[in-house]
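Enquirer: Take a look at the letters that make up each chain.
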Amino acid sequence: MPEVPELAPADLPLSLRRLWPALRTFVPPAGSFSPAGQWEHTYAVRAVFPSGPAEIDALAGPGVLRLRKSPTAADTFTLQVGISPMVGGNSERVEVLITCAADKLSTPLRWELHSLMLDAQGAPIPATDLREKGELLGAEVRRTRTRTRVTPVRLPLSANWCVMEALQRWPADDPSEADFDMLEELQLLRPGQRLAYRRTVEVPLAAGPLRLHGYEQFGQGLLPYTYWLDDQRRLLFAIGGLRAYLWQPSLKMTEVSL
Amino acid sequence: MARGMTRRQFLQTGALGAAALAAGGSSVLGAPAVHLNRPPNLLLITVDQLNGNILSGHGCEYVHTPNLDRLLARGVSFRESYSANPVCCPARAAWVTGRPPSENGVVINDVYPIAETMPDFGQWFSTRGYESLYSGKWHVTGRNFAQTFRVLTNGSGIGENTDSVVSRAAESFLLNYTGDKPFFLTLGFLQPHDICYWVFLHSQHPEELPYPQIEAELPPLQPNFNFDPREPEKVKQAWRGPQGAWGKYMSRWPDWMWRYYRWAYYRHVEMVDAQIGRVLDALEDSPHADNTVVVFTADHGDGMGCHHLWQKMYLYDEAALVPFIVSWPGQIAEGVQDRTHLVSGLDVAATLTDYAGIEAMPKARGRSLRPLAEGRDVSWREFVVSEAAITGRMVRTPEWKLITYKGDPTEQLFSMTADRGETLNLAAEGTHPNTIEDLHKCLTDWEASLEPLNLEGRLRPRPQPPRRPAGRQ
Chain A
1 MPEVPELAPA DLPLSLRRLW PALRTFVPPA GSFSPAGQWE HTYAVRAVFP
51 SGPAEIDALA GPGVLRLRKS PTAADTFTLQ VGISPMVGGN SERVEVLITC
101 AADKLSTPLR WELHSLMLDA QGAPIPATDL REKGELLGAE VRRTRTRTRV
151 TPVRLPLSAN WCVMEALQRW PADDPSEADF DMLEELQLLR PGQRLAYRRT
201 VEVPLAAGPL RLHGYEQFGQ GLLPYTYWLD DQRRLLFAIG GLRAYLWQPS
251 LKMTEVSL
Chain B
1001 MARGMTRRQF LQTGALGAAA LAAGGSSVLG APAVHLNRPP NLLLITVDQL
1051 NGNILSGHGC EYVHTPNLDR LLARGVSFRE SYSANPVCCP ARAAWVTGRP
1101 PSENGVVIND VYPIAETMPD FGQWFSTRGY ESLYSGKWHV TGRNFAQTFR
1151 VLTNGSGIGE NTDSVVSRAA ESFLLNYTGD KPFFLTLGFL QPHDICYWVF
1201 LHSQHPEELP YPQIEAELPP LQPNFNFDPR EPEKVKQAWR GPQGAWGKYM
1251 SRWPDWMWRY YRWAYYRHVE MVDAQIGRVL DALEDSPHAD NTVVVFTADH
1301 GDGMGCHHLW QKMYLYDEAA LVPFIVSWPG QIAEGVQDRT HLVSGLDVAA
1351 TLTDYAGIEA MPKARGRSLR PLAEGRDVSW REFVVSEAAI TGRMVRTPEW
1401 KLITYKGDPT EQLFSMTADR GETLNLAAEG THPNTIEDLH KCLTDWEASL
1451 EPLNLEGRLR PRPQPPRRPA GRQ
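Each protein sequence line maps, in turn, to chains A and B.
With my numbering, letter number 189 in the first sequence gets 189, and the count goes up by one each step, no holes.
Start counting at 1 in the second sequence, then tack on 1000, and there's your number in my numbering.
Quick caveat, the hints were computed from the structure, so don't treat them as lab data.
Any given hint might turn out to be false.
Stated by the list, open to error - These stretches of chain B come out as covered by chain A in the derived footprint (C-beta under 8 angstroms, 3 or more residues): (1) 1145-1154; (2) 1184-1198; (3) 1232-1241; (4) 1442-1456.
As the list claims (entries may be wrong) - Far from chain A by the CB rule (all over 12 angstroms, computed), these chain B residues: (5) E1116; (6) S1135; (7) Q1213; (8) E1437.
A quick note: this is a predicted structure, and the numbers were derived from the prediction, not measured.
No residue lacks a Cβ here, since even glycine has one placed at the ideal position from N, Cα and C.
With the rest of the complex left out, here is chain A (with noise of 0.2 angstroms):
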């Protein structure tokens, strides 16, 4: 087994480089992917501070993120989305399920979202239910809960949430730049988006060297976010400012009843 050394290698990105404290320690999922078809993603939500990932992380938990997708017809797909962010004291549980087109940004076509808050043990606080529903219609999203609401976007839309799908089915050798805006968490508009490979590079693991392709995105409200897929085209990391999704199928996220 290689010796995996305690420093990240001066060689690589700065972004792997602050995964390091993580990374060292990876396993790296064995196994064919195909990113048409069904499956489910899990990713722990990191703090990343200058040095790595933080021991805040210890006090609160790293947060869950957990991506399930679910084709439906040969050009849509459902992606369903659970979030248990990495906060101490009240929390909340979100859970999202977005018809996509299958295309290059998985553009969000209809959605549900579903937010609850939790207490400190994890469990319901009455009153805090919320439900939204949201499609987009030509240019325009409209939201609705208690009235619509219309907001215009630039085409083609996507989210965050929808940019880690899409990532995963673009040809690896692809060196075409996205444009687009993005809809955050389904509700925040980030205008002015783009999208597009960067590098590849080999990082020296304890199982083994493992290839990453990594894609850059820049835009309004987002520190540069890097995103990083294995040869299988499954992605892996992603990280932007202080925070890092890290591929980790053994977490388990609370299940709610929402």
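Take the given structure of chain A and dock chain B to it, following the hints.
Expert: Structure of chain B alone, referenced to chain A:
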């Protein structure tokens, strides 16, 4: 002194607080459109480390803040608004007590606790008919906010992880609240504070811009990037010394690194803008939209590379100038940017108690902005004082800013009309002795009106070394 008042009388007028002002004066805009049987709900939205100029609606062309601009369009923005003390704990303690840090005891971050007997605005409103709620960052040393408010969520100390939970908690509350009492909801967003960690991350700057794709987007250096080195020793020691981040790293930053820092700061501002949009959407969609006063402000600003500085804790405008917006659609002026009146973080409590129709907090030193927001012609303060780093004081008049640290021979005087960027220290030029003397008189009178807390014996041991940057800055 204008309007035939002595400075002492002027100060006393300020100390009388909101009630007297609210009762007097005629309204340019007429009386409030609606007289409500129930006091209005109050929504105080705070952010961490936002300079008052960094909104697109305030003319910053490098940032996009459509949601804060939405709030601007629905209210009055006080452009000459100063933090009571430009660092987290003192600024926040001033908000919640209406008294300056030298009185409430929280003079620096995390060390001195708030005066135990001094009420905070959560307690004040809770005992006067309001449902008081809090979500997000609190950071008032020595006061457990869970004993003061009903806490919706307290977050994690990292803006990127916390702010969406704060906004969702607010959204959930606003859309579900059916209580009999009016509510007083305070939201403590953390962004753009994460810029502190960005600077730590990049302190040893890379050889070249790590993302060449954004090179064309980097904003230029600020006109006041360079600074007059004739600064107080306290500032030099804290910010220009060889042992700190400046000496070790930032003094060697190339220009593009400072520009990259500004670019990153603007992205952090946009992050919190979106979260505020979620709250405003929820308020609009709720039954409370017409009966809720929204107040928006920040604890302090950020250096943004101006004067070769980052962070806060000093009294240049980049750190001390903060946004302060009051909005109540249909009830007060909309789309107004007030550059005339000097306001302070001390005014938060006074403004809120005034709108609530309850008595001002004990010995609150601030003034209610309500008469200004309603366009009434009232006499107003001629200067505002901010504190910093225990001994630092800023006296700001419409024309001048004096920065002085007790016992420090070097003072700074800036013309805020001719040199808004604070690049020429006129005190060091020796050209304005009378102005300096007059500003010192203002400061002496102001301080004579206060009841400073004796800090001796009040030292609170710091918690064990924060290996985790808990965002408590």
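Enquirer: Against this structure, judge whether each hint is valid.
Expert: Results of checking the hints against the structure:
| no. | hint | verdict |
| --- | --- | --- |
| 1 | 1145-1154 | holds (count 4) |
| 2 | 1184-1198 | holds (count 3) |
| 3 | 1232-1241 | violated (count 0) |
| 4 | 1442-1456 | violated (count 0) |
| 5 | E1116 | 24 angstroms, holds |
| 6 | S1135 | 9 angstroms, violated |
| 7 | Q1213 | 6 angstroms, violated |
| 8 | E1437 | 47 angstroms, holds |
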